[in-house]
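Engineer: According to mature numbering (1 follows the signal peptide of the UniProt record, and there is no 0), the sequence shown holds residues -23 to -1, 1 to 126 in order.
Simulated crosslink set (PhoX-like; lysine-lysine; CA at most 25 Å straight-line):
id	residue 1	residue 2
1	K88	K119
2	K107	K40
3	K107	K119
4	K58	K107
5	K58	K88
6	K102	K88
7	K88	K40
8	K102	K58
9	K102	K40
10	K107	K88
11	K119	K40
It should be emphasised that the hints constitute simulated quantities derived from the structure, not laboratory data.
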Amino acid sequence: MKTLGLQLFIISFFALGPFEVHAQPKENPVLSEQVDSPELRIHDMLMNFLNPHIDDAVCNYYKQILTECPMVYPYFVDVVKSQRMNGFRGFILQITLDVTPTIGPHISVGKDRITFEVSAGPTVKMINYKHLETHELPEHWKDIIRGPL
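Produce the entire structure from the sequences given, and follow the hints as far as they go.
Structural biologist: Structure (structure tokens):
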């Protein structure tokens, strides 16, 4: 039953159709709302569902650079693009996210773009990972740097 609910949730999120959301929350009316809405709840549920996959991808990228795995809070994720890969009402979908990984007390280490394929099952597979920005760490956090950021 949980799987059916999760599938319905994923389907309802992507059923809204292909959309573009700008990376700045103030430009995204769903994220800038000060009141709850169905769209905001769907966005937040999707981020909760994808968060373990996001954290795994981020940790895999940064493990060569940092001695600690950064984490990504759901509110530091912006949907850049979503699309159906196999036509109308097809259930192979892609979602591209801009994420801001952090360490410690919300110290940003960079900005990355991750694309996932989400399909029935539910199955989540990372398709692409691109590092977009490197953020300099404060002096008292530089001891976790293994190599060049």
